[in-house]
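Novice: Mind docking chain B on chain A? Use the hints.
Chains A and B are the protein sequences, given in the same order. 2 is the number of the first residue of the first sequence in this note's numbering; add one for each residue after it. 30 is the number of the first residue of the second sequence in this note's numbering; add one for each residue after it.
These are calculated hints, taken from the structure and not from any lab test. Note that this is a predicted model, so its numbers are computed, not measured. If a hint is listed, it holds; no wrong ones were tucked in.
Here are the simulated DMTMM-like cross-link-like pairs (lysine to aspartate or glutamate), alpha carbons at most 25 Å apart as the crow flies:
#1 A:Lys111 with B:Asp392
#2 B:Lys440 with A:Asp19
#3 B:Lys413 with A:Glu40
#4 A:Lys50 with B:Asp392
#5 A:Lys33 with A:Glu13
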Amino acid sequence: MTIKEIQNEIVEEFSMFDDWMQRYEYMIELGKSLPLIEEKYKTDDNIIKGCQSKVWVHAELKDDKLVFTADSEAIITKGIIAILIRAFSNQRPRDIIEADTQFIDDIGLKEHLSPTRANGLVSMIKQLKLYAVAYQTQLG
Amino acid sequence: MFVWVLNCNMIATSLDVAVIRKDFPILKRKVNGYPLIYLDNAATSQTPKQVIDVIVDYYSNYNANIHRGVHALSQEATDRYEQARHKIQKHFNAAKPHEIIFTSGTTHSINLVANGFTTLLNKGDELLVSAMEHHSNIVPWQMLCERTGAILKVIPMNLEGELIMADYHSLLSPKTKLVFCNHVSNALGTINPIEEIIEAAHRVGSAVLIDGAQAAAHIKPDLRKLDVDFYTVSAHKICGPTGVGMLYGKEAWLNKLPPYQGGGEMIAEVSFEKTTYADLPHKFEAGTPNICGGIAFGAALDYMNQIGFDAIASYEHELLVYATEQLSQIKGLKIYGTAVHKTSVISFNIEGLHPYDIGTILDKLGIAVRTGHHCAQPIMDFYKIPGTVRASFSFYNTKKEIDVLVNGIKKAQSMLQ
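Here chain A stands alone, though its shape is the one from the complex:
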C-alpha cells in the first residue's frame, strides 16, 4: 500500500467515532501495537527533542525500504507515533520525503500538530523525514 492509501485507511477508521473520547481510546489502543524499538537503540542519540515524555525512534533500511521502530513513556504519545509509523514505515525513503501529514488533521488530532505543543509531534515528523533524507542520500 502507498503512504496515501494507508493514510486514507486510517482516516476511514477514525471516521467511525462520534466523539473525542472514542478517538483517543482508539489511539491509545493503536499505541499498544507500536513496533517497539529494541532496548539497545534506546539511547540519548535516538531521543526526539521537544517532547514532554521521552520518545525514541530508530530507523533501518530493509530492501530499499525504511523500517521504523519507536517507544515513548506516555501512552497518548505512543498512540500518535503508532499512527505515524503505520503510515511511514516500510516505505521507500523518497516517498516518505514527499508525503504530507494532512491526515492527522483529518482524523481530528490537529491540536497535536501545533508546533508549540509539548508532545513534539512536529519534531517527530521532522525526524522521520530526516531519516528518509539520510537514507535516500545513501541509496543515491
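Specialist: Using the frame of chain A, we list chain B on its own:
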C-alpha cells in the same frame, strides 16, 4: 465585588466566591465544549475586569511616554505610573518608593541582582541556593559564579519538600555572600521559613534575595519586618498583566549595585566621554517601561487588597485541604510536596501513568492543569520522576471544580490504564 461574612468579633472569615467569579470574564468561557476549569494559577492567574478596565482606560485615555514630557497626557501617565509604585511600596511595606524597581518580572529582577553582584564577589565566595528553586533562581546565579569564580552550594530538602534547616545553618559561614530562596515553591507549594533564613544569613554578613513570585498571590509579606535585602514579584501571578513585575531592594544595596542596562531614563548626564547615572529607581529602569503594565500591577494589588489577603489565605487553605482529601482517595495517586506549611498547590502523579497523558485528557475535559517539570528539574531529579501533574488553586476556584477535577482524573485513569 466582594462580601464579608463577619463573625461576632468582626473578623473577616470568608469570601463570596460566586460574586468574585463574576469579576473574571474568562471563567465564563468553554474549552473543548466543557466549562473552563482553570487550575493553572501557579503559572499565571486570571485577570479581573477591574484590572482589564484599567488597561483599556490607559490606552483609551492617557497613553503617553512618561517622565520629562511637558504635555498633559505625559504628566497624567507619569502620575499614574508613580502612584502605582507608591501602591506597591505600601503593599509590601518598603521603606521608600524608590526601593521598588519596575522590571519585566521575577526573572528580570533576579538577573538584575545577579548581574550587579559581578563586581562585588571574589573567587571562592559562596552563594547558597535552595534545592527547590525554579530555573530562574538557579541559572542567573550559575552564570554569576562562572563570571566571578564564586561557588554555588545547595541547601538540601527532605522528602516532604521542606528545606533541611540544620544543613542550612551549617552551610553558612563568613564566606557566604548571598543566599537566595523562594518564599513559596512553584512545584511543591512549600512555604519556606524565610524569617529564619534571612536572620541567619545576616548573622554571617550575607545578603538575601527572596523570590516571591509564587508567594505574592497568597501572602502579603512585610518586607521591612522581614528585613530582606531583595524580594521579587511578577504581576501576572497576582491578577495583573504579564511582562511587568518588581524588584524590591534595600536602598543601600541598590545604591551599591551598578546599573544593569544602559539607555534612556537611567542617565543623569551623557557625553561621549562620560555618563553619570540617574538616582534610584531610574538607574535600573532604562528605556520606556511597561507603563500600562505598571499601572495595572497597582490596580491588581488594589483588587486583591479589597478582597483581603486574610480572607484569600483562609479560603485557599480550605480548598487545599479539600483537594488533598479528595485526591488522596484516588487509587495510586501520590502527592509530591507534603510540607506542613504550603499554599494551594498540589503536585501529583498516578502510578503507571505519565503526567503528560493525564494532562492531555484533562485538557480535553476543559480542565487546565500543568504537566512536566515546572521549570524545576532539580526537584524532579530529587524525586526521580520525569515530572508531575500540578493543580494550583486560586481564590476564585470552588470545591465543585475540585470535584470535576477528581472525576476527570478518574476518567483519564480508566482511559489510560
